[in-house]
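K.L.:
Residue-level listing of the chains:
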Amino acid sequence: YSLLVSELLAHLRTSTDAPLRASCRAVSQPGMAILPSTTVDVVEGCRLPVLRKNQENEDEWPLAEILSVKEIPGRKLYYVHYIDFNKRLDEWVTPDRLDMKKLQFPKKEAKTPTKNGLPGSRPSSPESEVVRVAGAGPQHTPSRPPQPQAQQKSIPTKTSLPDFQNGTARRPMPNQPGRKRKQPPNCGGTDEDSQDSSDGIPSTPRMTGSLVSDRSHDDIVTRMKNIDCIELGRHRLKPWYFSPYPQELTTLPILYLCEFCLKYLKSLKCLQRHLTKCNLRHPPGNEIYRKGTISFFEIDGRKNKTYSQNLCLLAKCFLDHKTLYYDTDPFLFYVMTEYDSKGFHIVGYFSKEKESTEDYNVACILTLPPYQRRGYGKLLIEFSYELSKVEGKTGTPEKPLSDLGLLSYRSYWSQTILEILMDLKPDNGERPQITINDISEITSVKKEDVISTLQYLNLINYYKGQYILTLSEDIVEGHERAMQKRHLRIDSKCLHFTPKDWSKRGKW
Amino acid sequence: MSKLSFRARALDAAKPLPIYRNKDLPDLNDCVSINRAVPQMPTGMEKEEESEHHLQRAISAQSVFREKKENMVIPVPEAESNITYYDRLYKGELRIPKQLFHIQPLGLDNEQPDYDMDSEDETLLNRLNRKMEIKPIQFETMVDRLEKASTNQMVTITEAKLLLNEDDYLLKAVYDYWVRKRKNCRGPSLIPLIKLEKRDGSTNNDAYVAFRRRTEKMQTRKNRKNDEASYEKTLKLRREFSRTVTILEMIKRREKSKRELLHLTLEVVEKRYQMGDFTGEVLSEVTAPLAEKPVYTVPITVTNGNRHNHKSGGLPYHGYHHVSVKDEDPFDFVRPKKKYTRREPLCRPGRPAKRQHIVNKADIKQYDFHSSGEEDYPLSPSSEPDEENDPDGTFAFRRKAGCHYLAPCLDQTSGLLWDHPELAGLDALRHRQSLTALSVPQRCVGLARRRVGRGGRVLLDRASSDLDGVLKQLDSGVFSSSFPKDLSDHQVPTQNHRTMPGSASSLTDLLSNIQALRWRFFRPRSTQGDASGEGRTGRPSMDNRLSGGLFVHTKNSGSGGITEEQYQVHQQALAQMQKQQLAQLQLKAPPPQQHFSLPERQNTRVHSLSPLTQMHFHLMWTSRPPHSTSTSQGGTGLDRSGRTPSSGGPLLPASHSTTPQSLPNHRGHGSAVSPAHHHHNARPSPSSLKLATMATSSLDRVPKVTPAISSMAR
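Protein sequences appear in the order of chains A and B.
Note that full-length UniProt numbering gives residue 394 to position 394 of the first sequence, counting from 1, and the numbers run on in steps of one.
Note that full-length UniProt numbering gives residue 369 to position 369 of the second sequence, counting from 1, and the numbers run on in steps of one.
Only chain A is shown next, with the shape it has when bound in the complex (with noise of 0.2 Å):
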């Protein structure tokens, strides 16, 4: 009960916000959900088709939702998210894009309240209460896709803070599942729910790791991109998320890099003149591995801070889930290059704890994008568990993980597994068998992932009263297909590498 009294009075403090979302809700009446002109403003929260093309560039109309509106000379533009697709082809589109025949005013969530903890993000007056309650079924359209209720996780309900402070309305976006409003600083009791994401109060990010699993520090600065584009020796990138580069630096068309040391500079002549001064031509660390043209660097989060945190700020252009919120002190970073005349060029890198409490032997993995699909991806994840067979442990990375990272750890995972499995020939006429320990202890890779490969890839059944692996032919034609593309592979004659005890020497 003492819920929805503060329910109702967050309703009632938002209630004053935008004149603007007052006629949105007006319009927004049963009945009405679907507009015929679009003489109506489109803001924040509403739902429509835009217009992209897919990858065989034929136009596709994917629902999207409008996160953001600016207006520039002469016309506006919408910040969109692809339902169902990721962040990272959001973009920023003219209104011609938008189908605003299928427009959707934002959907009032009231049922659920506690549940998905976001009772204010639509601010609503108390009549619209009313309207929600009554027309939460006709707002659904078949176009829409169900909200994915089920997957949200359940929030508890300390929440009802409005999310009105400091001044401008800042709506959490729809769809966010375990999004949490912003709690005024000062706001008491703070300390005991610090560290504590899932109680719904935003929080600190826990201290160790360097992703963020809960999106709880997500809004709506961090859902958009802030970079345009990014110049990084040969390549122009464009960022795929936002990253907390210098404020000032975000509305430049280009942002220029260094490519050895990645300092930020806003303007080519700027670059020029760095490059005079810096000398740098490979990633300032120790070169631990070298076969061919790639090398791996070792940088030290502590020692090199500066390299660290614009290698970091990179990064997070590509990465989601990463959070800068902490110092890059407990962080090794190894980088993967790769040697021409010019020197040593940044190709990916990774990221690993110092000392890891959850056996993870990787923070952060990513490859460039001018390097993607070329393999360099699992020559990175072969890499870091070659490291850990070095230090003698299994690993596996840090969660979340990606789409991408998905993908690859898996694959990579399925061909090391695989290449195990094939290897083995019959001893003394017996059937070759393995443990999955073993596979483990091989491979550094932990249990529960080969265990999930195995799965993956279909090849545990039982059989007769034990569990056995079964080799299908196209699994076997598969892999052999697959290993014949992959060139590129870590020597491990070529690592020189000692791991260090990090809990002998001082907090990192």
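These are computed hints drawn from the structure, not numbers from a lab.
There could be a bad hint or two in this list.
[Said to hold, decoys possible] Think about it this way: if two alpha-carbon atoms lie no more than 27 Å apart in a straight line, the pair counts; the simulated DSS-like pairs of lysine-lysine are:
hint, chain 1, residue 1, chain 2, residue 2
1, A, Lys-266, B, Lys-23
2, A, Lys-277, A, Lys-303
3, A, Lys-291, A, Lys-464
4, A, Lys-102, A, Lys-70
5, B, Lys-148, A, Lys-342
6, B, Lys-256, B, Lys-233
7, A, Lys-464, B, Lys-198
8, B, Lys-135, A, Lys-269
9, A, Lys-389, B, Lys-15
10, B, Lys-91, B, Lys-135
11, A, Lys-493, B, Lys-98
12, A, Lys-303, A, Lys-389
13, B, Lys-172, B, Lys-161
14, B, Lys-236, A, Lys-266
15, B, Lys-15, A, Lys-464
16, B, Lys-98, A, Lys-269
17, A, Lys-269, A, Lys-354
18, B, Lys-47, A, Lys-447
19, A, Lys-303, A, Lys-70
20, A, Lys-277, B, Lys-131
21, B, Lys-131, A, Lys-303
22, A, Lys-76, A, Lys-101
23, B, Lys-181, B, Lys-233
24, B, Lys-161, B, Lys-15
25, A, Lys-238, A, Lys-399
26, B, Lys-161, B, Lys-131
27, A, Lys-500, A, Lys-291
28, A, Lys-266, B, Lys-195
29, B, Lys-23, A, Lys-425
30, B, Lys-15, A, Lys-447
31, B, Lys-98, A, Lys-303
32, B, Lys-181, A, Lys-269
33, B, Lys-148, B, Lys-98
34, B, Lys-195, A, Lys-303
35, A, Lys-238, B, Lys-47
36, B, Lys-148, A, Lys-305
[Said to hold, decoys possible] Partial pick of chain A residues on the chain B-facing surface, computed with a CB cut under 10 Å:
hint, residue
37, Trp-61
38, Pro-95
39, Asp-99
40, Trp-240
The C-beta atom is built at its ideal place from N, Cα and C for all residues, glycine as well.
Starting from the known structure of chain A, arrange chain B on it as the hints suggest.
P.N.:
Below, chain B without anything else, positioned relative to chain A:
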């Protein structure tokens, strides 16, 4: 087969799994339905992302085709790799070295400016270059410094001048340009920087704040007490740091004043030189009025002033000295120990007659105060060599922490009790000092008192008196021959009740006093007058009077140079003397005609004591003869201790063992009088008198008691 039985068995990671090819198992498909027995593993992805369209498409494509299809991959925003000016931008080539790169820990930064010039700056530079030459790096360095110096506020032009050592015109031009540019700048700084967290927590949710320090209490929840404690520690630390800052500021002030004073002194000296004031007349004339009004206002400077004035023979030292020191409370615990060792050498050459009523603490501070200016205090050696050179070696006097030391009070030491008869109360008290002469060097050391120090060493506590000047002239030879034969024992007490020492102003008076036995005078026995005839070096046989009690027994055991009759005579004389003394004590002024030696009195005292105490006394007193003999014979280089057992030896094994060791230092001890010990020594006297009175009544018992003593001593 029921499904249940399959489900019961979990996948065992430690159990070997046989590997089959599908073709080997034609009946496998029958079992497919039970594959669900293996629990589904999580993908490790965020749930809502797992369902994303492109991922699902890619996953299903892979499971169908067992490889990636070009059109089934997850689309990503495009990247171009066709920067045409790349080669012009990144100049030079790098040949791959054979060795792996190894970064030197500190070899990276060569202090290049972080600021990078933009094209706007370039136009300015081009304009400026028409008038003067300014390189881009020079400009960048200037802007870099200006930026880094302006954390909260922009530096002013005056600050900029200090910051940049540049030509005025250039500086002005760059500064103005910088100010303009910075005002138009959108960011907080011309060097784009990542937003830093603010400690108040207001930036906790700022998306642009990155790389926060991990200092936030990780363990707070587990251990709040610990957190509280560290908070308090931090507070304390802060307090102490601010105190340090204060101290440093004061030091700075002091050093500045010092320098000023040095310059002033220099100036004074120069002026004096120009004036021809070589005798200091003019200076003293000028400084005299100053001395009368002590300056309290600026403590530090005053103390420093002291130093200088003192050296140049100007102002008196005291008066405001301690005042200034006491103001320095924060210095309370600053290096007391080190300063301390420094003190002593300072005292010796310096102003011995100066009064210092300042207590120890202040004393310490005094030297603390000059500590940093050692160059201005050449007298003070550093503490380490000081300790090494100390002749006392391990016995050197060291101050103890927490001990309160008083500065020597010279008006008490110099004022002997007979200077204040009203205080002394008893005339006899003056007996505690006697005229004493040493055999080597043969001279009279003036008034002294003998006592046994550590390890059985004999210490002579000297007292200064008005007689000192006169006594110096005394040649030990003068009286050694002139003394009556019967008093030729090596220590002859002389006494004068009538004449106050202070009135004996001339040497002749003194001599007559001595000869008339009005003064006690202890001197080494003359070599030729060796009554016992023992030892050709004129070693005195056991001084019977000195250690009478002891002597009784040694004589009884068949050795010794004193007869029973002599002893009896002595006993009688002793008794008589005691009576006289008593009478004298009671009547306050009555002049006893004659006194036997002080040792005699001590002797009687011994008899009156309990056996244990007696033994103690024996040890004390009998330890002396060897010493006195060695004192007298130190010059001859003969070790007499081997023979002393014939007299007092058997009783005194302990003292014997120690004496040889102390021989070399012996004279030093005898002559070096520590004024600090003076009071202490004086104290036992009244009690000894009391004992003496008791002795008179118990004289008869002597023979009975002594055997017990001897046995116990053994």
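K.L.:
Look at each hint and say if it fits the structure.
P.N.:
Now for the hints, and whether the structure bears them out:
1. Taken as a hint, the A/Lys-266 and B/Lys-23 pair is broken in the structure, with Cα atoms around 63 Å apart against an allowance of 27 Å.
2. Restraint check for A/Lys-277 and A/Lys-303: the C-alpha separation of about 21 Å stays at or below 27 Å, so the hint holds.
3. For the hint pairing A/Lys-291 with A/Lys-464, the CA-to-CA distance comes to about 48 Å; that exceeds 27 Å, so the pair is violated.
4. Proximity of A/Lys-102 to A/Lys-70 is assessed by CA-CA distance (about 21 Å); at most 27 Å being required, the pair is judged to hold.
5. Simply put, B/Lys-148 and A/Lys-342 have alpha-carbon atoms about 33 Å apart, too far for the 27 Å limit, and the pair is violated.
6. For the hint pairing B/Lys-256 with B/Lys-233, the CA-to-CA distance comes to about 34 Å; that exceeds 27 Å, so the pair is violated.
7. Under the criterion of a C-alpha separation no larger than 27 Å, the hint pairing A/Lys-464 with B/Lys-198 is inconsistent with the structure, at around 65 Å.
8. Proposed proximity of B/Lys-135 and A/Lys-269 is supported: the alpha carbons are some 15 Å apart, at most 27 Å.
9. Of the supplied pair hints, the one linking A/Lys-389 and B/Lys-15 holds, its CA atoms being roughly 22 Å apart against a limit of 27 Å.
10. Restraint check for B/Lys-91 and B/Lys-135: the C-alpha separation of about 20 Å stays at or below 27 Å, so the hint holds.
11. Using a Cα cut-off of 27 Å, the hinted pair A/Lys-493 and B/Lys-98 holds, with the two alpha carbons roughly 16 Å apart.
12. Simply put, A/Lys-303 and A/Lys-389 have alpha-carbon atoms about 25 Å apart, close enough for the 27 Å limit, and the pair holds.
13. Among the hinted pairs, B/Lys-172 with B/Lys-161 is consistent with the structure: their alpha-carbon atoms are about 9 Å apart, no more than 27 Å.
14. As the CA atoms of B/Lys-236 and A/Lys-266 are separated by approximately 45 Å, the hinted pair breaks the 27 Å bound.
15. Restraint check for B/Lys-15 and A/Lys-464: the C-alpha separation of about 15 Å stays at or below 27 Å, so the hint holds.
16. For the suggested pair B/Lys-98 and A/Lys-269, the alpha carbons sit about 34 Å apart, so the restraint of at most 27 Å is broken.
17. Only pairs whose Cα atoms come within 27 Å are accepted, and A/Lys-269 paired with A/Lys-354 is rejected, the gap being roughly 38 Å.
18. Among the hinted pairs, B/Lys-47 with A/Lys-447 is consistent with the structure: their alpha-carbon atoms are about 22 Å apart, no more than 27 Å.
19. Between the alpha carbons of A/Lys-303 and A/Lys-70 the distance comes to roughly 42 Å, so the proposed pair goes past 27 Å and is violated.
20. Under the criterion of a C-alpha separation no larger than 27 Å, the hint pairing A/Lys-277 with B/Lys-131 is consistent with the structure, at around 26 Å.
21. Proposed proximity of B/Lys-131 and A/Lys-303 is contradicted: the alpha carbons are some 44 Å apart, above 27 Å.
22. Restraint check for A/Lys-76 and A/Lys-101: the C-alpha separation of about 18 Å stays at or below 27 Å, so the hint holds.
23. A distance of roughly 44 Å separates the Cα atoms of B/Lys-181 and B/Lys-233; the hinted pair therefore is violated under the 27 Å criterion.
24. Between B/Lys-161 and B/Lys-15 the alpha-carbon distance is near 79 Å, which puts this suggested pair outside the 27 Å criterion.
25. Proposed proximity of A/Lys-238 and A/Lys-399 is supported: the alpha carbons are some 25 Å apart, at most 27 Å.
26. Between B/Lys-161 and B/Lys-131 the alpha-carbon distance is near 20 Å, which keeps this suggested pair within the 27 Å criterion.
27. Restraint check: the Cα-Cα separation between A/Lys-500 and A/Lys-291 comes to about 23 Å, which is no more than 27 Å; the hinted pair holds.
28. For the given pair, A/Lys-266 sits about 16 Å from B/Lys-195 by alpha-carbon distance, which is consistent with the 27 Å threshold.
29. Pair hint B/Lys-23 plus A/Lys-425 holds up; C-alpha atoms about 17 Å apart against a cutoff of 27 Å.
30. Of the pairs offered as hints, the one joining B/Lys-15 and A/Lys-447 holds, with about 13 Å between alpha carbons and a cut-off of 27 Å not exceeded.
31. Between B/Lys-98 and A/Lys-303 the alpha-carbon distance is near 25 Å, which keeps this suggested pair within the 27 Å criterion.
32. For the given pair, B/Lys-181 sits about 17 Å from A/Lys-269 by alpha-carbon distance, which is consistent with the 27 Å threshold.
33. For the given pair, B/Lys-148 sits about 40 Å from B/Lys-98 by alpha-carbon distance, which is inconsistent with the 27 Å threshold.
34. For the hint pairing B/Lys-195 with A/Lys-303, the CA-to-CA distance comes to about 20 Å; that is within 27 Å, so the pair holds.
35. Between A/Lys-238 and B/Lys-47, the direct Cα distance comes to roughly 26 Å. Compliance with the 27 Å bound is thereby established for this hinted pair.
36. Of the pairs offered as hints, the one joining B/Lys-148 and A/Lys-305 holds, with about 18 Å between alpha carbons and a cut-off of 27 Å not exceeded.
37. Look at A/Trp-61: its Cβ only gets to about 14 Å from chain B, farther than 10 Å, so that hint breaks.
38. Because the closest C-beta pair between A/Pro-95 and chain B is about 22 Å apart, greater than 10 Å, the hint is violated.
39. At about 18 Å, the closest approach between the beta carbon of A/Asp-99 and any beta carbon in chain B exceeds 10 Å, and the interface hint on this residue is violated.
40. Among the interface hints, the one on A/Trp-240 holds; its C-beta lies about 6 Å from the nearest C-beta in chain B, closer than the 10 Å criterion.
When held up to the earlier numbered hints, the structure conflicts with 1, 3, 5, 6, 7, 14, 16, 17, 19, 21, 23, 24, 33, 37, 38, 39 and fits the remainder.
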